[in-house]
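Spelled out, the chains give:
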Amino acid sequence: MNINFSGVTKIFDPDIVALSNVSFNIEQGEFVYIIGQTGSGKSTLLRLITRELLPTSGVAAVGGFDLRRMRKSDVPYYRRDVGLVAQDFKLIPSLTVYENIAFVMEAMSVPKKIVAERAHDVINQVGLWRRKNMKPSQLSGGEQQRVAIARALANSPSLFIADEPTGNLDFHTAAEVMKILFAINASGVTVVMSTHNQAIVNSSRQRVIELESGRLIRDEKGGTY
Amino acid sequence: MTALKYILRDTWRLIVNHWVLGLLTLITAGVMLWILGITTLFSLNLEHLLSRLESELAVQAYLHKDSTLDIEEIAQRIQDLEYVYSIKIYSPSDSLAKLQEKMGSQSRALDILGDNPIPYNFEIHVRRAEDIDPLVDSLKAMPEVEDVVYAGMVVKRISALSRISSRVAVIMFVLAVIITALVVYNTIHISLYSRREEIAIMYLVGATRAYIATPFVLEGTLLALIGAIIAAGGIVGAYFPGMDMIQANMPLLKSSLLTDKAIIWRFCGLLAGFGATLGWVCSYLVVSRFINSITRPE
Ligand SMILES: Nc1ncnc2c1ncn2[C@@H]1O[C@H](COP(=O)(O)OP(=O)(O)O)[C@@H](O)[C@H]1O
Ligand SMILES: [Mg+2]
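One line per chain: the protein sequences are A and B, in this order.
Each residue of the first sequence is one higher than the last, beginning at 1 in my numbering.
Each residue of the second sequence is one higher than the last, beginning at 1001 in my numbering.
The hints are simulated quantities; they were obtained by calculation from the structure and are not laboratory data.
A couple of the hints might just be wrong.
[Stated by the list, open to error] Derived CB-CB ranges, DEER-like:
id: 1; chain 1: A; residue 1: 140; chain 2: B; residue 2: 1292; range: 32 to 38 angstroms
id: 2; chain 1: B; residue 1: 1128; chain 2: A; residue 2: 71; range: 38 to 44 angstroms
id: 3; chain 1: B; residue 1: 1017; chain 2: A; residue 2: 187; range: 34 to 40 angstroms
[Stated by the list, open to error] Partial pick of chain B residues on the chain A-facing surface, computed with a CB cut under 7 angstroms:
id: 4; residue: 1002
id: 5; residue: 1003
id: 6; residue: 1085
id: 7; residue: 1170
id: 8; residue: 1194
id: 9; residue: 1198
id: 10; residue: 1206
id: 11; residue: 1211
id: 12; residue: 1297
id: 13; residue: 1298
None of the values given here were measured: they were computed from a predicted structure.
For glycine and all other residues, C-beta sits at the position ideal for the given N, C-alpha and C.
The shape of chain A in the complex, shown without the other chains:
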């Protein structure tokens, strides 16, 4: 699924221009950093891809399909192909780590046995199997981040969206999260992540899309911060 933005503008009420005339194309299998200061529009861009937001003008298309014209009943099926790690994790506080991951598959009517196998796999992948019966509130920020990643992986998506997944993590923990994301990308999944962590961007040299006050000011392959 390639992502194609052409002339996308997003204006929030009353008059906040979060994105202004943004155009880019991301091919299947790419790894892309979205960088920019706080308030530059990174989250808005990612939330347009997940269709939490619709553009005020311009076209945001995924897999050649204009998201604005997607039928309401098709949205869940689209989202099953998009793994999402939100800036605030969006874990369900009343459920354990295991349940938080299992319910995504349950919502797709996956039988219990396969849910258990797959949950085991993805929780292991982020190194949290020992924590599987804990509630999110009992975990550190880095651990919650990894639970969110594991949940996004559960449905084997072909597109992975992560909003500042290294946001509040120390360098060592951030590096571990990045290792997971590179592994995901290595399996052919498109990864689009936002960050304002210079060290991480500079150490891996991937494609960089830079935003400033909602405008795209740089789109560079193998860029630095």
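Once you have looked at the hints, place chain B with the ligands on chain A.
Chain B with the ligands alone, transformed into the frame defined by chain A:
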């Protein structure tokens, strides 16, 4: 099938999570539906009684003692009156025989009358109690009619009572439905509201709206259904003993009441179905509104 299992598990979680609120809801629904059922049954009984009595309603019209009258022709004219359901002609001798039969051993007292004093008369049946008054007026307006005798007072009272009671039943019905609907609506709204974050997250990670909504709709339907079943139990528990008591004290009413167990059970089944449907409609409305507002993209 797999999805159904998960949905039922989530429904159970919802109910257990808000069990106090759920209990209050089903008690309210139960009481309201019980009142609805009892008032409906009361009014059905009155109507039943009324139709019984009305079928026995008769007006007796006595003609002048005049041998030149054409009885058949007068009978036809009465038959053509607006409110007449059926008419039966009694000749003087028929009437006397009837009277003697009624008086039994005392019928010899009639002998002292000598000549049969009873004129030709008609027994006229109407369909409804309200028809009596206008019929009597038109009969009295006929010159051939000497006297009109009828016993409609009790029936007219019951008819008026029945009209009031069916109006009360309609009001109670509407009230009970509105209160039950509001309570279910509100409970499910609270249930939804306390899980609004969870709902948003589920939708964001690919759960369909139906998958998210069904446990809430089932919660509302189930609460109303259980309430209705309790109401039905309460109706059966109160109705049959109540009927036994009335029949013991007022034997006259014996055959005029609804005491057929099958009818009452069917009524209770209807009530339970009605309660469940009401719960389903309300929770469906509140759930779809809520989920629509939460999942709409900005
Ligand atoms: N739901 C919203 N309503 C109003 N303004 C918003 C909303 N979301 C974001 N914004 C505004 O849009 C701009 C871009 O925000 P965001 O995309 O979150 O930036 P970033 O993720 O780069 O920090 C900011 O000025 C922010 O205040
Ligand atoms: Mg952000």
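Comparing the hints with the structure gives:
For the pair residue 140 of chain A and residue 1292 of chain B, the supplied restraint of 32 to 38 angstroms holds, since their beta-carbon distance comes to about 37 angstroms. Taking 38 to 44 angstroms as the suggested C-beta distance range, the pair residue 1128 of chain B and residue 71 of chain A does not conform, at roughly 58 angstroms. Under the hint 34 to 40 angstroms, the C-beta atoms of residue 1017 of chain B and residue 187 of chain A, about 39 angstroms apart, fit the expected range. Hint status for residue 1002 of chain B: holds, given a least beta-carbon distance of 5 angstroms to chain A, under 7 angstroms.
Interface restraint check for residue 1003 of chain B: the shortest CB-CB distance to chain A comes to about 4 angstroms, inside 7 angstroms, so the restraint holds. The interface hint given for residue 1085 of chain B is violated, since its Cβ lies 61 angstroms from the closest Cβ of chain A, which is over the 7 angstroms cut-off. Proximity of residue 1170 of chain B to chain A is violated relative to the hint, the smallest CB-CB distance being about 40 angstroms (cut-off 7 angstroms). The beta carbon of residue 1194 of chain B comes no nearer than 10 angstroms to any beta carbon in chain A, farther than 7 angstroms, and the hint placing it at the interface is violated.
Against a cut-off of 7 angstroms between C-beta atoms, the interface hint on residue 1198 of chain B holds, since the closest Cβ of chain A lies about 5 angstroms away. About 4 angstroms separates the beta-carbon of residue 1206 of chain B from the nearest beta-carbon of chain A, less than 7 angstroms, and the hint is met. Hint status for residue 1211 of chain B: holds, given a least beta-carbon distance of 5 angstroms to chain A, under 7 angstroms. Checking residue 1297 of chain B against chain A by beta carbon gives a least distance of about 5 angstroms; that is within 7 angstroms, so the hint holds.
With a least beta-carbon distance of about 5 angstroms to chain A, the hint placing residue 1298 of chain B at the interface is held under the 7 angstroms criterion.
Of the numbered hints stated above, those contradicted by the structure are hints 2, 6, 7 and 8, listed in ascending order.
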